[in-house]
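Each protein sequence line maps, in turn, to chains H and F. If you're matching positions, the first sequence starts at 1 in the numbering used here and goes up one per residue. If you're matching positions, the second sequence starts at 1 in the numbering used here and goes up one per residue.
Do not rely on the hints blindly, as some may be mistaken.
[To be verified] For lysine to any residue, the following SDA-like pairs were computed, each having C-alpha atoms within a straight-line distance of at most 20 Å: (1) H:K480 to F:K46; (2) H:K116 to H:A135; (3) F:K34 to H:K116; (4) F:K68 to H:E479; (5) F:K39 to H:I488; (6) H:K487 to F:D72; (7) H:K484 to F:K34; (8) F:K68 to H:K361; (9) F:K39 to H:P485.
Honestly, the hints are just simulated from the structure, not real lab data. Being a predicted model, the structure only gives us computed values, none of them experimental.
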Amino acid sequence: MIINSVGRMIPEQIMGYKEVIPYQSPHNLNPPEQKAPGYPGKILPGENKLLPTIEEAIKKCDLRDGMTISFHHHFRNGDYVLNMVLEQIAKKGIKDLKIAASSIFPIHAPLLEHIKNGTVSRLSCNYMLGPVAEAMCNGAFEYPVIFRTHGGRDRAIEAGEESIDVAFIGASAADKAGNFNGTEGPSACGSLGYSVSDCMYAKKVVVLTDYLVPYPLAPASVEETHVDYVIKVDSVGDPAGIATGAVRMVRDPLGLYIAKLASDVIDASGLLKDGISFQTGAGGPTLAVAKFLSEKMKKRGIVGSFGSGGITSYFVEMLQDGLFRYLLDTQCFDTVAAKSLKENPKHIEVSSSRYANPHNKGCIVNNLDVMILGATEVDVDFNVNVHTTSDGIVIGGSGGNADTAACSKLAIVVTPAIRGRMPIIQEKVLTLTTPGETVDCIVTDMGIAVNPRRKDLEEKLLAMGLPVKNIYDLKNSIEKLTGKPEKIKTTDEVVAVVEYRNGSVIDVIRKLSN
Amino acid sequence: MKITTTVQAGSLESSDILITLTPGQNEDLIINIKSDVIKQFGSVIKNKIEQTLKTFGVTSVVCYADDKGAMDYVIEARVEAAVKKALDKEGDK
Numbered sequence: 001m002i003i004n005s006v007g008r009m010i011p012e013q014i015m016g017y018k019e020v021i022p023y024q025s026p027h028n029l030n031p032p033e034q035k036a037p038g039y040p041g042k043i044l045p046g047e048n049k050l051l052p053t054i055e056e057a058i059k060k061c062d063l064r065d066g067m068t069i070s071f072h073h074h075f076r077n078g079d080y081v082l083n084m085v086l087e088q089i090a091k092k093g094i095k096d097l098k099i100a101a102s103s104i105f106p107i108h109a110p111l112l113e114h115i116k117n118g119t120v121s122r123l124s125c126n127y128m129l130g131p132v133a134e135a136m137c138n139g140a141f142e143y144p145v146i147f148r149t150h151g152g153r154d155r156a157i158e159a160g161e162e163s164i165d166v167a168f169i170g171a172s173a174a175d176k177a178g179n180f181n182g183t184e185g186p187s188a189c190g191s192l193g194y195s196v197s198d199c200m201y202a203k204k205v206v207v208l209t210d211y212l213v214p215y216p217l218a219p220a221s222v223e224e225t226h227v228d229y230v231i232k233v234d235s236v237g238d239p240a241g242i243a244t245g246a247v248r249m250v251r252d253p254l255g256l257y258i259a260k261l262a263s264d265v266i267d268a269s270g271l272l273k274d275g276i277s278f279q280t281g282a283g284g285p286t287l288a289v290a291k292f293l294s295e296k297m298k299k300r301g302i303v304g305s306f307g308s309g310g311i312t313s314y315f316v317e318m319l320q321d322g323l324f325r326y327l328l329d330t331q332c333f334d335t336v337a338a339k340s341l342k343e344n345p346k347h348i349e350v351s352s353s354r355y356a357n358p359h360n361k362g363c364i365v366n367n368l369d370v371m372i373l374g375a376t377e378v379d380v381d382f383n384v385n386v387h388t389t390s391d392g393i394v395i396g397g398s399g400g401n402a403d404t405a406a407c408s409k410l411a412i413v414v415t416p417a418i419r420g421r422m423p424i425i426q427e428k429v430l431t432l433t434t435p436g437e438t439v440d441c442i443v444t445d446m447g448i449a450v451n452p453r454r455k456d457l458e459e460k461l462l463a464m465g466l467p468v469k470n471i472y473d474l475k476n477s478i479e480k481l482t483g484k485p486e487k488i489k490t491t492d493e494v495v496a497v498v499e500y501r502n503g504s505v506i507d508v509i510r511k512l513s514n
Numbered sequence: 001m002k003i004t005t006t007v008q009a010g011s012l013e014s015s016d017i018l019i020t021l022t023p024g025q026n027e028d029l030i031i032n033i034k035s036d037v038i039k040q041f042g043s044v045i046k047n048k049i050e051q052t053l054k055t056f057g058v059t060s061v062v063c064y065a066d067d068k069g070a071m072d073y074v075i076e077a078r079v080e081a082a083v084k085k086a087l088d089k090e091g092d093k
């Protein structure tokens with residue numbers, strides 16, 4: 001075992017995983033000298049990329065045992081593509097595949113069957129929710145699952161660490177040459193930002209669509225130069241399923257109070273001025289911060305530079321109200337955002353690599369002023385867990401949590417002090433997603449804790465009369481109400497690796513006892 | 001005191017607990033708990049229920065607790081309410 005710089009016990013070797021580099025600090029690792037190669041193709045004039053079935057595409061791509069296939073998650077819990085493709089692959093008797101998915105949702109429960117029958121043996125993703133996640137925690141996978149951050153996934157693909165043989169890309173519209181986007185057609189889901197690196201670096205790229213348009217489709221999320229085959233299917237996804245998973249609107253007074261408090265923190269920080277850039281998570285009260293920030297911006301005539309990340313109708317409204325010059329959108333969290341991306345030229349589709357890959361010549365999160373983070377729990381060192389609930393079940397993953405925290409000027413965790421009966425501040429988080437050294441403060445309904453590294457921020461908050469508390473005092477006053485929870489028991493068996501955005505291992509998830 | 005009727009107090013709202021008391025066979029307190037936080041607070045919840053039942057002199061009961069993350073004072077209040085309901089109901093017989 002190695003103990004990394006955030007005090008986590010990491011095995012020196014992890015089955016099926018590259019050489020373990022223990023996490024040391026947010027920006028210490030350098031990229032390889034060169035990125036992985038892209039793959040050329042040769043399509044002759046008049047040659048047809050259109051294939052009648054998925055089965056035909058599997059044959060043409062020469063998909064074999066042990067290969068890696070990839071999927072994006074833009075249809076979120078309405079995605080039909082992953083299940084559809086795996087069903088055909090299983091029928092052909094291909095075994096031992098690795099799935100490189102950007103996220104796994106409850107709708108992907110059939111994946112468990114494919115694990116049992118040996119079609120799939122490995123998985124990597126950035127976020128995981130539902131039956132597959134629960135099964136993983138109880139040891140369903142032979143090889144540990146690899147969790148990455150949104151930016152970390154693109155880094156790994158582009159560095160050749162996550163080498164994709166065939167990318168299966170669901171698109172709400174495509175033409176016969178392979179130009180595709182997510183804004184047109186009956187299954188429009190908006191941005192397809194997570195599919196871009198897959199298309200650029202996979203050996204073969206297969207686009208599935210239910211809406212074939214005459215050539216040329218424009219604008220295209222990815223162009224024909226990167227696409228090998230196109231398949232017309234009955235339906236790629238259910239747009240109604242997009243707004244499930246991370247997205248929860250807050251109406252309760254407590255959530256709104258916390259959100260208001262967070263907006264006051266932003267105000268006190270001095271960052272609330274013309275040109276501000278801003279992003280929120282999609283869960284709990286984090287989204288509601290946008291509402292209160294909007295009010296402040298309107299009142300003072302402040303125009304922000306951009307809002308980024310997963311885009312919701314809140315952000316669309318802010319763009320329409322002239323509160324941002326641009327929205328930079330990797331994925332749409334609801335159909336309002338998808339419609340806006342299609343219609344509003346200031347609403348820009350961006351790749352997740354541009355969004356957060358640390359080993360590019362720049363990324364959007366480097367330009368982010370304020371990030372509002374969600375958390376299932378935090379600890380006295382300001383570490384954030386968005387992977388597991390306090391009882392040890394995986395209900396998410398970093399997504400962009402660790403990426404944005406590492407790069408934004410002000411990273412604020414927004415959370416109720418008590419969830420169910422669980423005190424939100426722990427001695428040590430069960431799973432460490434985002435290191436405390438990248439988190440500036442934690443805003444709860446029982447007070448605000450400021451990272452001791454940010455004395456400057458603490459002074460500003462105190463000057464505004466905000467309820468700042470020492471994190472230990474905050475923890476104690478919460479535990480006075482809830483009591484002290486018993487520790488969750490895990491075995492030594494590693495079921496997942498939590499890879500930090502730079503490719504180091506920040507934590508592992510261990511199988512639960514019983 | 002034996003509980004001789006079936007009563008409920010509480011709800012299944014978040015942060016509440018639904019307490020159901022039914023007559024027991026023997027002179028003891030049987031407590032069944034279902035909870036979202038059973039792993040972290042199972043024994044705390046059980047102790048609180050048992051202690052509250054004893055405080056009100058209950059010696060025989062089967063208690064079902066469906067917990068949605070209630071804090072100690074809520075558990076105490078719901079158990080107390082359930083016991084008092086049971087006593088009321090008995091008075092009506």
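Quiz prompt | Indices of hints not satisfied (ascending) | solution = 3 and 8
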